[in-house]
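Enquirer: Chains as they are written, first to last, in the numbering used here: chain A, 1 to 122; chain B, 123 to 307.
Fair warning: there could be bad hints in the mix.
[Unchecked claim] Straight-line alpha carbon distances no greater than 20 Å define the calculated EDC-like cross-link-like pairs of lysine to aspartate or glutamate that follow:
no., chain 1, residue 1, chain 2, residue 2
1, B, K294, A, E71
2, A, K63, B, E285
3, B, K294, A, E64
4, A, K122, A, D30
5, B, K248, B, D164
6, B, K294, A, D43
7, B, K294, A, E109
8, B, K294, A, D30
9, B, K216, B, E129
Hint data in this document are derived by calculation from the structure and do not stem from the laboratory.
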Amino acid sequence: MANLSSLQATLQNYISSTPGIQGAAVVTPDGLPLASALPVGMDEERTSAMSAAMLALGERIGKELGRGTMERVFVQGEKGYGVLTRCGPEAVLLTIASDEVKQGLLFLEMKRAAASIAEAMK
Amino acid sequence: MAIKPLELLQVLISRTEFTDEDKKILQQNADWGSSIAAEMSDTFYNYLDRDPEMAAVIAKHNRQRLGQTFAEWFREMFTGMDNWGPQYAERRWKIGLVHVRVGIGPQHVVPAMATVVREVSRRLVKEGKPEELRVSLGKVCMIDLSFIEQAYLEVAYNAVQQETGMSEALFKRLIATGASSLASS
Numbered sequence: 001m002a003n004l005s006s007l008q009a010t011l012q013n014y015i016s017s018t019p020g021i022q023g024a025a026v027v028t029p030d031g032l033p034l035a036s037a038l039p040v041g042m043d044e045e046r047t048s049a050m051s052a053a054m055l056a057l058g059e060r061i062g063k064e065l066g067r068g069t070m071e072r073v074f075v076q077g078e079k080g081y082g083v084l085t086r087c088g089p090e091a092v093l094l095t096i097a098s099d100e101v102k103q104g105l106l107f108l109e110m111k112r113a114a115a116s117i118a119e120a121m122k
Numbered sequence: 123m124a125i126k127p128l129e130l131l132q133v134l135i136s137r138t139e140f141t142d143e144d145k146k147i148l149q150q151n152a153d154w155g156s157s158i159a160a161e162m163s164d165t166f167y168n169y170l171d172r173d174p175e176m177a178a179v180i181a182k183h184n185r186q187r188l189g190q191t192f193a194e195w196f197r198e199m200f201t202g203m204d205n206w207g208p209q210y211a212e213r214r215w216k217i218g219l220v221h222v223r224v225g226i227g228p229q230h231v232v233p234a235m236a237t238v239v240r241e242v243s244r245r246l247v248k249e250g251k252p253e254e255l256r257v258s259l260g261k262v263c264m265i266d267l268s269f270i271e272q273a274y275l276e277v278a279y280n281a282v283q284q285e286t287g288m289s290e291a292l293f294k295r296l297i298a299t300g301a302s303s304l305a306s307s
């Protein structure tokens, strides 16, 4: 069973230590929020359900297109990025970043955070 | 979503308060039901024929066969097949799936069935049948219509889940959050 306060702390640390990250959330593959620090006005329930759905669809498309194991689902808009990655079988990490974020750094920190979250979920 | 037809039937029997007395009344009038089955089938399909959209759907299929299937279904509402047991449930489920395959949706079936219910009611009065029979027939009719509606949902859910890789719980959550969003917009 995941330690929710530990998850929240991991999430806060991830956000504060990575320039350009505006928010993040950890959700279950069924779309339930576990921990979140989302921008004001963003609906946690809806965002969680949509994140899980998007990751599931991304994995399905990756498989259909023969792209191998999926690393992340990446959405790029004029105001920045939304990135989803799996943290083991029990969790999904959503990251929201500004358009000024350094992508290499973002992906590196995201990978580290995902590993910590996966560990915390054991 | 894995629907178990017998479980669905039992839930619907409970929710419609379809009692042993209802079953008995229907079975006692099974011959009468059989005698008007073909006529009710015509009522159903004549109604659908007047709807251009449905007429186009039906035209793609063997009308005689569809009519026979309806008449059998109508008779079975009176006999209950195996006293509204597993056989009845499986048959209702398959009929629901056939409706999905043919393309006759709840929005077409329910109004068409309403015309059948009206016609049956007229016949019941004309032939001096008891009010209890009308009530019992109304209950079993609602049970069968629920099967058809549920079959539509089931096929739609399964198709989306299969193509998107979403779990059942996630799919239901999206429907709930989406419905909430639609209601507030």
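Enquirer: Does B:K216 pair with B:E129 here, judged by a C-alpha cut-off of 20 Å?
Expert: holds (15 Å)
Enquirer: Is the straight-line distance between the alpha-carbon of B:K294 and that of A:D30 20 Å or less?
Expert: holds (9 Å)
Enquirer: Check the hint pairing A:K63 with B:E285 against an upper bound of 20 Å on the C-alpha distance.
Expert: holds (11 Å)
Enquirer: Check whether the Cα positions of B:K294 and A:D43 lie no farther apart than 20 Å.
Expert: holds (17 Å)
Enquirer: Taking only the CA atoms, is the gap from B:K294 to A:E64 under or equal to 20 Å?
Expert: At roughly 24 Å apart (the allowed maximum being 20 Å), A:E64 and B:K294 break the hint.
Enquirer: Going straight from one Cα to the other, do B:K294 and A:E109 come out at no more than 20 Å?
Expert: This hinted pair is violated, its Cα atoms lying about 32 Å apart.
Enquirer: Given the proposed pairing of B:K294 with A:E71, does the C-alpha separation stay at or below 20 Å?
Expert: Distance ~26 Å between B:K294 and A:E71 Cα, so the pair is violated.
Enquirer: For the pair supplied as a hint, B:K248 and B:D164, confirm whether the alpha-carbon distance does not exceed 20 Å.
Expert: holds (19 Å)
Enquirer: Could you grab the alpha-carbon distance between A:K122 and A:D30 and see if it respects the 20 Å cut-off?
Expert: holds (17 Å)
Hint compliance for this structure: hints 1, 3, 7 are not met, and every other hint is.
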